[in-house]
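**Student:** Position chain A relative to chain X; hints supplied.
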Amino acid sequence: MNTLDFSILAQSWPYLWSGLLFSLALTAAAFAIGMVLGTCLALVQHFEIPLFAQIIRGYVAVIRSIPLILVLFWFFFLVPIVLGHLSGNGRPIPIGATYTAFITFGLFEAAYYSEIIRVGLLAVNKGQFEACQALALSTYDTYRHVVLPQVLRVASPIILSQTIILFQDTSLVYVLSLTDLLGAASKLAQLNGRLVEMYLVVAVAYLAISSAASQCVAALRKRYALATSR
Amino acid sequence: MFGVLFEQTADGQRYIDWLLSGLGWTLALAFFGWWIAFGIGVVVGVGRTVQNRFFSILARLYVEIFRNIPVLVQMFLWYFVFPEVVPTALGDAIKQIPPPWASFFPALLCLGLYTASRIAEQVRAGIEALPKGQIEAANALGLSGYLTYRYVVVPQALRLIVPSLTSEVMGIYKNTSVALTIGLMELTAQARQISEATFQTFSAFGAATIIYLCLALVAYQAMTFIDKAVRIPGSAPVKLTAGQDLAADMQQSGALPGAMEVVK
Numbered sequence: 002m003n004t005l006d007f008s009i010l011a012q013s014w015p016y017l018w019s020g021l022l023f024s025l026a027l028t029a030a031a032f033a034i035g036m037v038l039g040t041c042l043a044l045v046q047h048f049e050i051p052l053f054a055q056i057i058r059g060y061v062a063v064i065r066s067i068p069l070i071l072v073l074f075w076f077f078f079l080v081p082i083v084l085g086h087l088s089g090n091g092r093p094i095p096i097g098a099t100y101t102a103f104i105t106f107g108l109f110e111a112a113y114y115s116e117i118i119r120v121g122l123l124a125v126n127k128g129q130f131e132a133c134q135a136l137a138l139s140t141y142d143t144y145r146h147v148v149l150p151q152v153l154r155v156a157s158p159i160i161l162s163q164t165i166i167l168f169q170d171t172s173l174v175y176v177l178s179l180t181d182l183l184g185a186a187s188k189l190a191q192l193n194g195r196l197v198e199m200y201l202v203v204a205v206a207y208l209a210i211s212s213a214a215s216q217c218v219a220a221l222r223k224r225y226a227l228a229t230s231r
Numbered sequence: 056m057f058g059v060l061f062e063q064t065a066d067g068q069r070y071i072d073w074l075l076s077g078l079g080w081t082l083a084l085a086f087f088g089w090w091i092a093f094g095i096g097v098v099v100g101v102g103r104t105v106q107n108r109f110f111s112i113l114a115r116l117y118v119e120i121f122r123n124i125p126v127l128v129q130m131f132l133w134y135f136v137f138p139e140v141v142p143t144a145l146g147d148a149i150k151q152i153p154p155p156w157a158s159f160f161p162a163l164l165c166l167g168l169y170t171a172s173r174i175a176e177q178v179r180a181g182i183e184a185l186p187k188g189q190i191e192a193a194n195a196l197g198l199s200g201y202l203t204y205r206y207v208v209v210p211q212a213l214r215l216i217v218p219s220l221t222s223e224v225m226g227i228y229k230n231t232s233v234a235l236t237i238g239l240m241e242l243t244a245q246a247r248q249i250s251e252a253t254f255q256t257f258s259a260f261g262a263a264t265i266i267y268l269c270l271a272l273v274a275y276q277a278m279t280f281i282d283k284a285v286r287i288p289g290s291a292p293v294k295l296t297a298g299q300d301l302a303a304d305m306q307q308s309g310a311l312p313g314a315m316e317v318v319k
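Line by line, the protein sequences give chains X and A.
So for the first sequence, this note's numbering puts the first residue at 2; every next one is plus one.
So for the second sequence, this note's numbering puts the first residue at 56; every next one is plus one.
Just chain A, same shape as in the assembly:
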């Protein structure tokens, strides 16, 4: 069924090389995008919980804006609109970037900042789930606000939210496919290209689907492994913000819920 993947293409490669190069772009986007998202997400998530009104409003604004605009529209904003609204010199410099990178960087920025807004909400949920005594104890020990967050609050919150970050990992690698709309030849785009070149749509999409399934499995296993390694002994995992009520209700009625993932 997948024999077609090993046939020669017009450019002397095999179709499977197209798929693998697509997989490379998908992985690069997801991996680097994740670290951008994680860094910004933690900072914004902390910002959502601080007393300072300026920072908390700023963080709230960030989350509202980046979460409520579709990824595809954000992709177009970074790709088409951003070079036009910055000063002309910078805009021209951006337009000079050669092809694959000209799509890759906007996509990276888009996915990183979008996923950051989702991670920020998880981080906030994790921080709010910590017992009040933690911060009070830190205060009693004379730790400053920064030190409290750096050494007490954030490390514990991050350990609590690993299970719900799993769905964000799944979300970012799936959202990499949106980059095909700005011309990045990632996995889905390559699958479509193979289907158009060979008319073997079933094999082309089938192969891409199997690769995505493997990625999902790897992501899930890795996150389960991390969760086991860093789980605070005796703690219950914090659920997604969207799932919090349901999770709380379920705990009230005595049933333990499975992982709730409401992210695409």
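Chain X on its own, in the form it takes in the complex:
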């Protein structure tokens, strides 16, 4: 059993920090893309728009049934081809692992968020829609000002829990050799041979961030539960 030596941290923390910032940026971007797109996907299913609703259902089912790593591999392969076709000359456009990660996580999370929002939409009381009709609100106004705010509010604890899982899942960009928090640690570990210290530090960092975030969600949920039980 070798003795642990954390002095290596003193010189390596700027690199780890930049890795953590990448993880957080990826989480934030995937959250933003995922929420906007997910809401759209949920609404298309909610309105039963022909063809699109079926395609989206298939997309969500497939994405939720296969591992994220396989999704990352798929997008790494497919996105350049699709972009090539969109640009017109048909030749694949390589975009690099970083953009692939952002696109993949955005589209992947959209499937999960859309499922949460879709179920949330089912939960809205019928009376809300009837009241909107009685007030002669347009469909757009009904959803924009009455229905969606309620859905987002009710679903916010689940959406946030999902986002914490998303933050943990960003570590999987390791398979694309990107330098997120884990990627930074693993590259340093290979350079200086301090595998044990590096991976322990990363584990503690993830643990601290995720459990702090979970505590916040739990507090929010409690507050929200009080607010509705009045």
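Don't read these hints as lab results, they were simulated from the structure.
Glycine included, each C-beta is placed from N, C-alpha and C at the ideal position.
It is possible that part of the hints are untrue.
As the list claims (entries may be wrong) - Simulated restraints on C-beta separations: (1) A:Phe160 / X:Tyr100: 28 to 38 Å; (2) X:Arg145 / A:Phe160: 49 to 59 Å; (3) A:Leu268 / X:Ile96: 19 to 29 Å; (4) X:Thr99 / A:Asn194: 56 to 66 Å.
**Tutor:** Relative to the frame of chain X, chain A by itself:
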């Protein structure tokens, strides 16, 4: 489109044999990992609900630690760090394990313990969803704490949570793919290997995707069948902990939610 799968590989097999061997590792990991997870999950879940402060804090700690570290990081901890921090003799013995098993056992341990923390939360939700009268009746009959849990609380709680365990089953078979990072040649790794060997990426990933979809379908059908077989007549299924509030709100507003799965 999948013709390439039946071509000869450099080692005299066909590519489809690579995929099937990957599928074998994936299934073995998911199956054995599930039983480890289920066993530990039930014990820890019970621990979350007992009066004894020592056990409840211990169980809470377990759940917090294993749920808040990414699976991939846990995988590295078991594979790289664990042999280094145990006594040297044991560490050396672990490093002597021959190749496929040297990746398989850490992956099995990692997935089992990680999934256990998620199952523990489901079990706790199931136990808390039971009417208080059950435990009071058990007390009134003079059952000890152990007997109450063994014969009254746990069997009922497990029957309640079958629907939400479905998402954990889906979670564990998907998480088996993380084992490729420590060198286990499971399904996703084999698909990537075939794509690199043949440049038929579409066929290779397509075949793997179809296999995963079939697995998901089988898992879903099996869990639905189990749920039907053991459902307590007249009971509403208990939702995921993460989904509990939403589920409760939805029941208040009179709509019955579909299964909420927020697990990858």
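**Student:** If a hint holds in the structure, say so; if it doesn't, say that too.
**Tutor:** The hints, checked one at a time:
no.: 1; hint: A:Phe160 / X:Tyr100: 28 to 38 Å; verdict: holds (37 Å)
no.: 2; hint: X:Arg145 / A:Phe160: 49 to 59 Å; verdict: holds (54 Å)
no.: 3; hint: A:Leu268 / X:Ile96: 19 to 29 Å; verdict: holds (27 Å)
no.: 4; hint: X:Thr99 / A:Asn194: 56 to 66 Å; verdict: holds (60 Å)
Comparing the model with each numbered hint stated earlier shows that all of them hold.
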